[in-house]
Each structure stands twice: as C-alpha cells, then as structure tokens.
Amino acid sequence: MSQPRRIRRRRAWSVLTLPTLLCVLTACSSGAASGGGDGTDGSGKGGSGTSASPTPTGPPGTLFDTFHYTGANDPSLTAHGWEIRTGVGGPGIKDSWSDAGASFPADTTAQGGRTLQLQATTDGTQKGTKQVEIQSTGTKLFNGTYAARVYLSDKPAGGKNGDHVVQSYFPISPADDSANYSELDYEYMPNGGWGAPGPQLDTTSWFKADPADRVTKPHKQHFEGWHIMMVTSVDGKATYSMDGKELFTSTGKYVPREKMDVHFSNWFIDLMPSLGGQRTWNLKVNWFYYKDNAAVSYADVQKTVDGFYSAGTDFVDTLPKG
Numbered sequence: 000m001s002q003p004r005r006i007r008r009r010r011a012w013s014v015l016t017l018p019t020l021l022c023v024l025t026a027c028s029s030g031a032a033s034g035g036g037d038g039t040d041g042s043g044k045g046g047s048g049t050s051a052s053p054t055p056t057g058p059p060g061t062l063f064d065t066f067h068y069t070g071a072n073d074p075s076l077t078a079h080g081w082e083i084r085t086g087v088g089g090p091g092i093k094d095s096w097s098d099a100g101a102s103f104p105a106d107t108t109a110q111g112g113r114t115l116q117l118q119a120t121t122d123g124t125q126k127g128t129k130q131v132e133i134q135s136t137g138t139k140l141f142n143g144t145y146a147a148r149v150y151l152s153d154k155p156a157g158g159k160n161g162d163h164v165v166q167s168y169f170p171i172s173p174a175d176d177s178a179n180y181s182e183l184d185y186e187y188m189p190n191g192g193w194g195a196p197g198p199q200l201d202t203t204s205w206f207k208a209d210p211a212d213r214v215t216k217p218h219k220q221h222f223e224g225w226h227i228m229m230v231t232s233v234d235g236k237a238t239y240s241m242d243g244k245e246l247f248t249s250t251g252k253y254v255p256r257e258k259m260d261v262h263f264s265n266w267f268i269d270l271m272p273s274l275g276g277q278r279t280w281n282l283k284v285n286w287f288y289y290k291d292n293a294a295v296s297y298a299d300v301q302k303t304v305d306g307f308y309s310a311g312t313d314f315v316d317t318l319p320k321g
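Under numbering that gives the first Met the number 0, think of the first position of the sequence shown as 0, with each following residue one higher.
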C-alpha cells in the first residue's frame, strides 16, 4: 500500500529559474484543452554544460526534457530546473539519498538513444544502501497532462532478487505540511511491500500526507519494460493511464490543489540482509513531457514527442513564470 512520501520534506537547495534553452522553431501549434497535440517545437541542447538562451521558444505552456546531460554535475541539468536529491529523510532507508546512482547513459532501447538512469543499490545494511531521486524545481506544475516514458524493472541488474524496491514517478507539493497538499503517485513494487505480495503498481491520489488521506488502486501484474505513464488532471478529476489504457481516476478532494514539482525515485521499503551480497536496481526515464492546463491524448503526446526528437529538441520550457 502506498505510504507518505517522507516525513516533512526539507530541501537543501534554492529555487532556480527555468527559462533556459536553445530552440529552433519548426511548424508549431499548441494543443487545445480538449486534447490536441502540440505539433512541433523548438530545439534545446541539454548535455553540453554551456549556457542556454534565455529566450523561450516552442509550444506555449510546455515543459519537455530528453535528459541529454553529461552527468549529475552538468550545469545544464541545474539550469533546466532539475535537482538530484542528496538530503536526509525518508521514505525508505532514511538518510541514504545519493547522487552516485544518477547517470545519463546511451541506451539502444530508448527513444533517441539516451536515457536518465536512477540506480539504487543495497547490501542489506543502512550503510551499504544508496537510494536515488531526481526532482524538478520551481513548483510550476498544476493542472494539465503529465507524461513520461519510464522503464520499470522486475529484477535487479545485479545480485539476488527479492528486495522490496519502489520505482516511482509522482508530482508532489513542495511541503508535506502544506494546507493544499497535492500528490499523484505511480509506485511499482515488483516484489511487493508492506506485507503485500508483488508485483504491484499503485496509482494513488493524495489529499493530505499526515495523517494520510488518499485514494488508491493497486494493479497486480508485471510491468517490466518501457511504458508511457500519464496523469491527466483537468475538470476536477485526475486520470492515470499507461500506454493509452486508463488505470484509475480520482475526483472530489483527491485532485491537485496547488502547484507541484515532479519526482522520479528509486528506493527500498526495508533492509533485507538475508539476501546476501550487493543488489543493484535500475529505473530509467527516457523523457518527460508536461502540457499546462490541457488534456492531451496518448496519441498526441507521442506525436508531439516524436516531433521534438525529429527536430533535435532536447529541452523546452515555455511555462508561465511565477
């Protein structure tokens, strides 16, 4: 069962401005709230580590990133509004967050041949455990369409299987004690957790973190492989879908009430020293796309993303400031 993300989330970084990109505009049309595609785009190179143009171009109300960066210390990663977590706290094994597991390798299975890889490792001890998370900064995302192409793993890349690992993707409020707390979760647990057997994918919409107030729907099946995972939040409902198939819808108070950041996280529910040796788990993110205040269909999301790749566009941010 889905659990609160962490106890009173604290950040060690300052909010950064995001409008930094290089774009070459090709035929571009914005999607309507009824679900039209963006058409095409601008071009921004995120992996060079050089300063980007401060002039945003591309479809209005759009955030898109292919994660073409050179490493965790690439200045463009920070300039484009991403932070790799190294702070304290939960969830999972407290105070085990590290940027060592974040990389951007070539991957022949990824669109465009590159991916963000989040590698969590454990030997069953707290000292020998490293969890990994990347998050956007600036709290700019609210109602609209969230989409990411994500690779979920059913087994470790190295070592014995059996860990209660959680591979997650979620927009969330900047503070757990916010009066308008909002969170929309995908959490995949190939080996289960919290007493429930796996595999299980939880789709969960939150109203409050503490005490926990949420609605959730579990999906008990294997999901290993690449998937386009979407949440569309418009007209008083939040709809979760994977590869175009609707999984869960929440309404009423279980919809976003304030602007959020988006996170991708790979962590362990508990320690399992009995497995022996070191285990390595990989979560991969090919791209992330967000369209402000619009319900974009699965087909139009893929069409828009394909257009970005065809134009050589690695990054776009035309979201309203503030």
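Be aware that one or more of the hints could be misleading.
Claimed, not checked - Below are the BS3-like pairs computed for lysine-lysine, each with C-alpha atoms no more than 27 Å apart in a straight line: (1) Lys244 with Lys219; (2) Lys154 with Lys216; (3) Lys258 with Lys219; (4) Lys252 with Lys216; (5) Lys244 with Lys302; (6) Lys258 with Lys207; (7) Lys252 with Lys207; (8) Lys236 with Lys154; (9) Lys93 with Lys159; (10) Lys154 with Lys126; (11) Lys244 with Lys154; (12) Lys129 with Lys159; (13) Lys154 with Lys219; (14) Lys219 with Lys159; (15) Lys207 with Lys159; (16) Lys93 with Lys154; (17) Lys258 with Lys320; (18) Lys216 with Lys236; (19) Lys236 with Lys302; (20) Lys216 with Lys258; (21) Lys207 with Lys93; (22) Lys252 with Lys302; (23) Lys219 with Lys236; (24) Lys159 with Lys126; (25) Lys258 with Lys236; (26) Lys219 with Lys207; (27) Lys236 with Lys207; (28) Lys129 with Lys154; (29) Lys252 with Lys236; (30) Lys126 with Lys93.
Simulated from the structure, these hints should not be mistaken for lab results. The structure presented is a predicted model; accordingly, all values stated were derived computationally and were not measured.
Between the alpha carbons of Lys154 and Lys216, is the straight-line distance 27 Å or under?
holds (23 Å)
Are the Cα atoms of Lys258 and Lys236 separated by 27 Å or less?
holds (15 Å)
Is it true that the CA of Lys93 sits at most 27 Å from the CA of Lys159?
Holds, because 23 Å separates the two Cα atoms, which is no more than 27 Å.
Compare the distance between the alpha carbons of Lys252 and Lys302 with 27 Å, and conclude whether the hinted pair is satisfied.
violated (32 Å)
Pair hint outcome, Lys258 versus Lys219 [Cα-Cα no greater than 27 Å]
Violated - the C-alpha atoms of Lys219 and Lys258 are around 31 Å apart, more than 27 Å.
Starting from Lys236, check that the Cα of Lys154 is at most 27 Å away, please.
The given pair, whose Cα atoms are some 34 Å apart, is violated under the 27 Å limit.
Does the structure keep Lys258 and Lys207 at a Cα separation of 27 Å or less?
Between Lys258 and Lys207 the Cα gap is close to 15 Å, so the pair holds against 27 Å.
Hint consistency between Lys159 and Lys126 [alpha-carbon to alpha-carbon, up to 27 Å]:
holds (19 Å)
Do the alpha carbons of Lys129 and Lys154 lie within 27 Å of each other, as the hint requires?
The hint holds at about 17 Å.
Pairwise hint evaluation, Lys216 against Lys252, where the allowed Cα distance is 27 Å at most:
holds (16 Å)
27 Å Cα cutoff - pair Lys154, Lys219
Since the Cα atoms of Lys154 and Lys219 sit roughly 16 Å apart, the hinted pair holds (cutoff 27 Å).
Is the Cα-Cα distance between Lys258 and Lys320 27 Å or less?
holds (12 Å)
When held up to the earlier numbered hints, the structure conflicts with 3, 8, 15 and 22 and fits the remainder.
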